[in-house]
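If you read the protein sequences in the order shown, they are chains G and D. If you read the first sequence in the numbering used here, its first letter stands for residue 19, the second for the next number, and so on. If you read the second sequence in the numbering used here, its first letter stands for residue 26, the second for the next number, and so on.
Please keep in mind that the hints were generated in silico from the structure rather than gathered at the bench. There's no promise every hint is true.
[Said to hold, decoys possible] Simulated DEER-style distance windows between Cβ atoms: (1) 199(D) x 159(G): 56 to 64 Å; (2) 95(G) x 245(D): 36 to 44 Å; (3) 241(G) x 137(D): 33 to 41 Å; (4) 137(D) x 192(G): 22 to 30 Å; (5) 199(D) x 174(G): 58 to 66 Å; (6) 83(G) x 76(D): 35 to 43 Å; (7) 199(D) x 287(G): 38 to 46 Å.
In this text, a Cβ means the ideal position worked out from N, Cα and C, and glycines have one as well.
Here's the letter readout for the chains.
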Amino acid sequence: MDFYLGLAQIVGVHTLLGLSAYCVLLTGQVSLAQAGFFAIGAYVAAMLTVLAGWHILPAIAAASFVAGVVACAVGFPALRVKGLMLVVATLAFGEAVRLFFFNFDYQVARGEVKIGPAGGEGFRQIRFFPEHGWSTLDVLLFIWLFVALVMAALWWMDRSRAGAVLRAVGEDEVAAQSAGINVTAVKVAAMTVGGLIAGLGGGIFAHYTAHIEHAQFGVALATFAIAYPILGGLSSVFGTLIAVIFVQGFLIEGLRFLGDWRNLLFGGLILLAMNVRPRGLIDAATIAGIKRLRIRNREPGNARTQGAE
Amino acid sequence: MLELKGLSKHFGGVRAVDGLDLRVTQGEVFGLIGPNGSGKSTVVNLVCGLFPVTAGQVLLRNEDITSLASHVRVACGVTRTFQNIRLFGQLSVWQNLWVAQNAVEHRSEGFLRRWLGGPGRAREEIDRILEFSDLSGKRDELAGNLAFGEQRRLELARAVVAKPALLLLDEPAAGMNAEEIDQLDARIRKLKQDGLTVLLIEHHMELVMAVTDRIAVLNFGQKIAEGTPDEVQTNRLVQEAYLGVAEAA
């Protein structure tokens, strides 16, 4: 049971990470900086609860805010470049963040022990949950509360004018400009929202793993972050969720029995998924299909509605 | 309405537009014609702000807009269509218009209402434009799935929905059949009736001669003639630009 609870925690946090990349990807930007924002959120939140003794709620709020501010600041120079150059620039930023935490030593003595981030050794003893008596289930609910909140907010945004504007910028910047959209502002805003979400995810991540270190926030994590929305498709936030469940639940955990062959199959399956569904696991056609199904079920004379009456 | 003063755009050694002076008055349909590569599209790109100018000024209602960003010019009332259609293919017809409407509509609304609110009052206005463009039945269709003629109509609708004062049409009839061109003719006249000023770039001469009030002819980035359709048609320089110069024996 604990295994599945743990897996559900991972899925939750990675969904937040994927959604942060989803925001940025909507505007057509492939960003590998999300792991960097995630790392900033993790360290900020952990330092606030461990060193400053904050409650976790204000701590993750602050972590989210700091990551958002950094994302906004990174957004301005980074978004001047496009395509592959943006990938390289954001990758460089992510690595810079990782190396910063590799060298970041800020330990404080508490009685016998020293606590706080210790450079390459990582940041140990982030014990807010055990100290306050939260069970694994409590933590799980806590994580998914935020996942639900963020998904609801993004789902709402998707259906509003903001969502249409983000997608318009993602499709054709020149046309968007000519339709009166301030493309720079939209891209920086998307990057900032992505930073807020990644920082939130990082803050939560730090507390359930209880030990964070620079190596966790490397290129692999950045690749996962961007892979989720690409794999899941940009038509709906649920695509990202499904992609995380597919990757974390099925590809990584479900195929563990294959040993080293897993990694090979992992790449192959992603390739297969992208070929079968080039616009993501959930694309516009899927959503249109679901809508049609719902309408049909509402029509009189339908077997299901008759059965319900 | 629109005034170009000594407008130039050089790409490396190529003088795409070279010292162009032009005056388009309020409420007229002004045609800009010329052989391929004469710089017509570049003029549109300069007026709507896609490229910075090399030299010269763009004045809108006597105000210098030369250094304004493209999206700011839309808010000032300059919108355009593209020669090669540029719609948001993965958005629905309706969303294409909703997005474009953000430039002018609901400026007075609060930030959250404007960006995160539902369609609200926008709906009526968009429905009206859809009807004008004969796209009412296609509102929920993805723009990318529309037929070519419908895409052209949607692009015009997207430029009109932002309530421009000056509309730049870059070869709106390209690839259309005769019937569609007649409809386009009627739409341009309707827009003129509504008080819009139109700068029309077009190769389809029948349409240009029928719908415009005045015409300027470009060749190698320079204006070689200007006048009413009749005057331009009989101009010797224009005939030479289009048909070539008869070699003196």
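Against the structure, the hints come out as follows:
1. For the pair residue 199(D) and residue 159(G), the supplied restraint of 56 to 64 Å holds, since their beta-carbon distance comes to about 59 Å.
2. The given range of 36 to 44 Å is respected by residue 95(G) and residue 245(D), whose C-beta atoms sit roughly 40 Å from each other.
3. Against the hinted window of 33 to 41 Å, the Cβ-Cβ separation of residue 241(G) and residue 137(D) comes to about 35 Å, which satisfies the hint.
4. Against the hinted window of 22 to 30 Å, the Cβ-Cβ separation of residue 137(D) and residue 192(G) comes to about 28 Å, which satisfies the hint.
5. Roughly 40 Å separates the CB atoms of residue 199(D) and residue 174(G), a value that falls outside the hinted 58 to 66 Å.
6. Here the CB-CB span from residue 83(G) to residue 76(D) is close to 39 Å, well matched to the stated 35 to 43 Å.
7. Checked against the given bound of 38 to 46 Å, the beta carbons of residue 199(D) and residue 287(G), roughly 45 Å apart, stay inside it.
Violated hint: 5 only; the structure is consistent with all others.
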